[in-house]
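Undergrad: Take a look at the letters that make up each chain.
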Amino acid sequence: MKYLLIDSATATLVVAIVIDEQIKYLFNEVTGKDMSSTIMMKIAEAFKEAQLKPQDLDKIFVTTGPGSFTGIRVGLTVAKTMAWALKIPIVPLSSLEVIASATPGQTNVALIDARRGYVYAGAYDQNLNNVYKDRHILLNQLNVKGVYISYDDLPAIKPNPDILKLINKHKDDPGVNPHHLNPNYLKLTEAEEKLNYPHD
Amino acid sequence: MKSVYILAIESSCDETSVSIIKDGKEEIATATLSQMDTHANYGGVVPEIASRMHIENITMVLEETLNKANFSIDDIDAIAVTYGPGLVGSLLVGLMAAKTLAFIYDKPLIPVHHIAGHIYANNLVKPLEFPLIALVVSGGHTDLLYMEDDYNFKRLGGTLDDAVGEAYDKVARVINLPYPGGPLVDKLAHEGIDTYPLPLPLDDDSYNFSFSGLKSAVINLTHNEGQRGHQIIPENMATSFQNRVVEILTKKTMRALKEYQVNRLIVAGGVAANKGLRQRLTELCAENNVDLIIPPIEYCTDNAAMIGAAGYYAYKLGRRADLTLNAKASDQLN
Numbered sequence: 001m002k003y004l005l006i007d008s009a010t011a012t013l014v015v016a017i018v019i020d021e022q023i024k025y026l027f028n029e030v031t032g033k034d035m036s037s038t039i040m041m042k043i044a045e046a047f048k049e050a051q052l053k054p055q056d057l058d059k060i061f062v063t064t065g066p067g068s069f070t071g072i073r074v075g076l077t078v079a080k081t082m083a084w085a086l087k088i089p090i091v092p093l094s095s096l097e098v099i100a101s102a103t104p105g106q107t108n109v110a111l112i113d114a115r116r117g118y119v120y121a122g123a124y125d126q127n128l129n130n131v132y133k134d135r136h137i138l139l140n141q142l143n144v145k146g147v148y149i150s151y152d153d154l155p156a157i158k159p160n161p162d163i164l165k166l167i168n169k170h171k172d173d174p175g176v177n178p179h180h181l182n183p184n185y186l187k188l189t190e191a192e193e194k195l196n197y198p199h200d
Numbered sequence: 201m202k203s204v205y206i207l208a209i210e211s212s213c214d215e216t217s218v219s220i221i222k223d224g225k226e227e228i229a230t231a232t233l234s235q236m237d238t239h240a241n242y243g244g245v246v247p248e249i250a251s252r253m254h255i256e257n258i259t260m261v262l263e264e265t266l267n268k269a270n271f272s273i274d275d276i277d278a279i280a281v282t283y284g285p286g287l288v289g290s291l292l293v294g295l296m297a298a299k300t301l302a303f304i305y306d307k308p309l310i311p312v313h314h315i316a317g318h319i320y321a322n323n324l325v326k327p328l329e330f331p332l333i334a335l336v337v338s339g340g341h342t343d344l345l346y347m348e349d350d351y352n353f354k355r356l357g358g359t360l361d362d363a364v365g366e367a368y369d370k371v372a373r374v375i376n377l378p379y380p381g382g383p384l385v386d387k388l389a390h391e392g393i394d395t396y397p398l399p400l401p402l403d404d405d406s407y408n409f410s411f412s413g414l415k416s417a418v419i420n421l422t423h424n425e426g427q428r429g430h431q432i433i434p435e436n437m438a439t440s441f442q443n444r445v446v447e448i449l450t451k452k453t454m455r456a457l458k459e460y461q462v463n464r465l466i467v468a469g470g471v472a473a474n475k476g477l478r479q480r481l482t483e484l485c486a487e488n489n490v491d492l493i494i495p496p497i498e499y500c501t502d503n504a505a506m507i508g509a510a511g512y513y514a515y516k517l518g519r520r521a522d523l524t525l526n527a528k529a530s531d532q533l534n
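Chains as they are written, first to last, in the working numbering: chain A, 1 to 200; chain B, 201 to 534.
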């Protein structure tokens, strides 16, 4: 089976092609603000190096968040457009699960800086079960034991995502309708927060 | 000659729009999803909400357009997309979808400037003739351009601060009209008289415009009258404001026509629907033997059909973007 995996929710872009449980291409580097100009070049490079055409793909895995709002949309727009056009299944993943997938500990707490003292946090066990649900929370209120993992400048070790582990865990997940696959921001926009709670 | 079919995507502000255009002139199908009702809750377009709505709708709007046209992407010759100017988060959704389709189907990717699209909206009604002067007025743009031939733009000037439509919406708020208030100010302006001493903004030798001072004058005057216990008369304020806007827009546009010895004027963008502006331009163009061209209202507001029309001429000129094409918040058309 031929899989494409995309994670653009953090400043570190991950693009991978896996064929029959072998990684044929992996890009896993900080692109930061250049994400939107870099991502398609890396996807094109991925297909070239794996000697595949997009039409050969069986399934797409994509992170839907949490993380950078714009970053999430860049990768997810590519993935949902591709899945819709090629009529292939698309499977949503959590960007926190990707970060936690190296599983150095029994419990692995993935963190993404959400600014102003907040983080996006989620804990995953060695089998990538989400044992502490992904959430948006003040870092000083986060009360979960485990190995902390983050790309950001937080008291945590750096991630080294295990792509094969992620794909093995999710390869039989049913695909979702790409029209209805949307970001999982875990946070309202400021305008919506003000409209809902005008006196905060 | 074989026809050229362009699939065009526009998402620069609060409309997700996809269109298929034949030879830059004929609209085969368009689907547009407007977010106006959502943004009305906030009194204006909220960029992050706009971006969120674009990604929720982009593939559905693509599918609706192809279904309406009974086309598959194999029938398309090139993908055109608005890369700017506009809201970056919004632009990126249309742009990434366009790049993805161009990549998967190995189709040329045509970068289209949003203002070029507004001008070429007219091409869907009647092919453009050159040379011409174009006045593009909308909620996000105010530009005066000279075109000698197809897809050859010389920008003469534009707003230095607020776009004209933006000033209209802000004035509407001051006189308590709901968002989007521009069309309501226009309507009210026809019921009042010009009694308020508002300045004629940036009345100089350039082709630039400035509406922020005029808007501030409306706010200050309203405030000062309120301090004295007087209520301003909304219809008179609307008339006074609109008269200044129309006067400066038409004054500089007519000067450009004269200086460049052009007798053809195109007015485009959402504010081209403004009755006050249309009336005055119709009079002035008749007096000066200028052919005035204004597209029907559905082509004045943002839509992908106009991007497909402009995209065809960019395509014919060999304009191509590669997969690194990025969104640009501001970019002058030249």
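By construction, these hints were calculated from the structure, which means they are not laboratory data.
The reader is advised that the hints may include incorrect statements.
Stated by the list, open to error - Pulled a few chain B residues facing chain A out of the computed Cβ check, cut under 10 Å:
hint, residue
1, ILE255
2, THR259
3, GLU263
4, ASN267
5, ALA269
6, ASN270
7, ILE273
8, LEU292
9, VAL293
10, GLY294
11, LEU360
12, GLU459
13, VAL462
14, ASN463
15, ARG480
16, GLU483
What the hints assert, rightly or not - FRET-style restraints, in silico, Cβ to Cβ:
hint, chain 1, residue 1, chain 2, residue 2, range
17, B, ARG478, A, TYR197, 37 to 47 Å
18, A, MET41, B, ASP274, 17 to 27 Å
19, A, VAL176, B, ASN267, 41 to 51 Å
20, A, GLN55, B, SER416, 56 to 66 Å
21, B, LYS225, A, LYS87, 30 to 40 Å
22, B, ASP531, A, ARG115, 50 to 60 Å
23, A, LEU26, B, ILE273, 44 to 54 Å
24, B, PRO397, A, LEU195, 35 to 45 Å
25, A, VAL176, B, ASP531, 31 to 41 Å
26, A, TYR197, B, GLY357, 51 to 61 Å
27, B, ILE273, A, MET41, 18 to 28 Å
28, B, ASP223, A, ARG115, 44 to 54 Å
29, B, ARG520, A, ASN28, 45 to 55 Å
What the hints assert, rightly or not - Taking lysine-lysine pairs in the BS3-like style, the calculated list, with each CA pair at most 25 Å apart, reads:
hint, chain 1, residue 1, chain 2, residue 2
30, A, LYS24, A, LYS53
31, B, LYS307, A, LYS87
32, A, LYS53, A, LYS42
33, B, LYS222, A, LYS48
34, B, LYS528, A, LYS87
35, B, LYS387, B, LYS307
36, A, LYS2, B, LYS307
37, B, LYS475, B, LYS451
38, B, LYS307, A, LYS42
39, B, LYS354, B, LYS202
For glycine and all other residues, C-beta sits at the position ideal for the given N, C-alpha and C.
Undergrad: Now, for every hint given, state plainly whether the structure supports it.
TA: Tested hints:
For B:ILE255, the interface hint holds, since its Cβ comes within 10 Å of a Cβ in chain A; the closest pair sits about 5 Å apart. Hint status for B:THR259: holds, given a least beta-carbon distance of 4 Å to chain A, under 10 Å. The restraint placing B:GLU263 at the interface with chain A holds, with a minimum CB-CB distance near 7 Å, inside the 10 Å limit. Given the 10 Å rule on beta carbons, the hint for B:ASN267 is violated: about 13 Å separates it from the nearest Cβ of chain A.
Evaluation of the B:ALA269 hint against chain A yields a violated restraint, the C-beta minimum of about 15 Å exceeding 10 Å. Taking 10 Å as the C-beta contact cut-off toward chain A, the hint placing B:ASN270 at the interface is violated, the least distance being around 17 Å. For B:ILE273, the interface hint holds, since its Cβ comes within 10 Å of a Cβ in chain A; the closest pair sits about 7 Å apart. Taking 10 Å as the C-beta cut-off, the interface hint given for B:LEU292 holds, the closest approach to chain A being about 6 Å.
With a least beta-carbon distance of about 5 Å to chain A, the hint placing B:VAL293 at the interface is held under the 10 Å criterion. Residue-level restraint check for B:GLY294 holds (minimum Cβ-Cβ distance to chain A is 9 Å; threshold 10 Å). For B:LEU360, the shortest C-beta to C-beta distance to chain A is roughly 27 Å, which exceeds 10 Å, and the interface hint is violated. Given the 10 Å rule on beta carbons, the hint for B:GLU459 is violated: about 40 Å separates it from the nearest Cβ of chain A.
Checking B:VAL462 against chain A by beta carbon gives a least distance of about 38 Å; that is not within 10 Å, so the hint is violated. Checking B:ASN463 against chain A by beta carbon gives a least distance of about 43 Å; that is not within 10 Å, so the hint is violated. Of the supplied interface hints, the one on B:ARG480 is violated, with its beta-carbon coming no nearer than about 37 Å to a beta-carbon of chain A, more than 10 Å. With a least beta-carbon distance of about 42 Å to chain A, the hint placing B:GLU483 at the interface is violated under the 10 Å criterion.
Between B:ARG478 and A:TYR197 the Cβ separation comes to about 44 Å, which falls inside the hinted range of 37 to 47 Å. Restraint check, A:MET41 to B:ASP274: a C-beta distance of roughly 24 Å satisfies the suggested window 17 to 27 Å. A C-beta distance of roughly 21 Å is found between A:VAL176 and B:ASN267, which places it outside the suggested range of 41 to 51 Å. A hinted range of 56 to 66 Å holds for the C-beta pair A:GLN55 and B:SER416, which are about 57 Å apart.
For B:LYS225 and A:LYS87, the Cβ-Cβ distance of about 32 Å falls inside the hinted range of 30 to 40 Å, so the restraint holds. With their beta carbons about 29 Å apart, B:ASP531 and A:ARG115 fall outside the hinted range of 50 to 60 Å. Checked against the given bound of 44 to 54 Å, the beta carbons of A:LEU26 and B:ILE273, roughly 29 Å apart, lie outside it. Checking the proposed 35 to 45 Å range against B:PRO397 and A:LEU195 shows it holds: the Cβ atoms sit about 38 Å from each other.
Look at A:VAL176 against B:ASP531: about 36 Å separates their beta carbons, and that is inside 31 to 41 Å. The hinted window of 51 to 61 Å between A:TYR197 and B:GLY357 is violated, with their beta carbons roughly 44 Å apart. For B:ILE273 and A:MET41, the hinted distance range of 18 to 28 Å is satisfied, since their beta carbons lie about 21 Å from each other. At about 49 Å, the beta-carbon gap between B:ASP223 and A:ARG115 stays in the expected band of 44 to 54 Å.
Under the hint 45 to 55 Å, the C-beta atoms of B:ARG520 and A:ASN28, about 30 Å apart, miss the expected range. Between A:LYS24 and A:LYS53, the direct Cα distance comes to roughly 13 Å. Compliance with the 25 Å bound is thereby established for this hinted pair. Between the alpha carbons of B:LYS307 and A:LYS87 the distance comes to roughly 19 Å, so the proposed pair stays at or under 25 Å and holds. Restraint check for A:LYS53 and A:LYS42: satisfied, since their Cα atoms lie roughly 14 Å apart, inside the 25 Å limit.
With a CA separation close to 33 Å, the supplied pair B:LYS222 and A:LYS48 exceeds the 25 Å bound. Pair hint B:LYS528 plus A:LYS87 does not hold up; C-alpha atoms about 31 Å apart against a cutoff of 25 Å. A hinted pair counts as satisfied when its Cα atoms are at most 25 Å apart, and B:LYS387 with B:LYS307 does not qualify at roughly 46 Å. The suggested pairing of A:LYS2 with B:LYS307 holds, with an alpha-carbon distance near 24 Å, which does not exceed 25 Å.
Between B:LYS475 and B:LYS451 the CA atoms are separated by roughly 17 Å; this keeps the pair inside 25 Å, and the hint holds. As the CA atoms of B:LYS307 and A:LYS42 are separated by approximately 18 Å, the hinted pair is consistent with the 25 Å bound. A threshold of 25 Å between alpha carbons decides the hint, and for B:LYS354 with B:LYS202 the separation of about 31 Å lies outside it, so the pair is violated.
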